[in-house]
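Q: Given these sequences and hints, build the entire structure.
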Amino acid sequence: MAERFNDRVYARVREVPAGRVATYGDVAASLGSPRAAREVGWALSALPEASDVPWQRILNASARISFKGDTWRAVAQRQLLEAEGVVFDADDRVDFATMRHRFGPPAA
DNA sequence: ATAATGACTGAAT
DNA sequence: AATTCAGCCATTA
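So my numbering is basically just the index in the first sequence, starting at one, shifted up by 1.
If you are wondering where the hints come from, they were derived from the structure by calculation, not from laboratory data. As the structure is a computational prediction, the values presented were derived from the model and not from experiment. Each statement offered as a hint is correct.
Once the Cα atoms are required to be at most 25 angstroms apart in a straight line, the calculated SDA-like pairs of lysine to any residue come out as:
1. K69 with E40
2. K69 with V54
3. K69 with P35
4. K69 with S52
A: This is the structure:
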């Protein structure tokens, strides 16, 4: 399967330390395609539960958990993040100013 | 190769 | 402020 983009997403997400978060756009940009945020989400959707990828650290541009219909997953994500020390404010938002992960240069 | 889809994003209504 | 529209781009059918 030619899912190399997918693998790159996983590699980047894996480098996000616990207690930190990033946006789909950030991950996409770190892969060299700043507009491919949707593909990042697609990649994570195909991610098995038993994977070693901290998918829960990926939020949308609004610093909130974004999901389509699987709300149970969104709840699980929040619990996982809180267990890592991530704090959600009254609006269910994460403090990007302090916990947003900075990716290095795009890895070809 | 064309058309449709989607855990997104930003601008426009 | 909330909702809608359009753009991006990799994967699937």
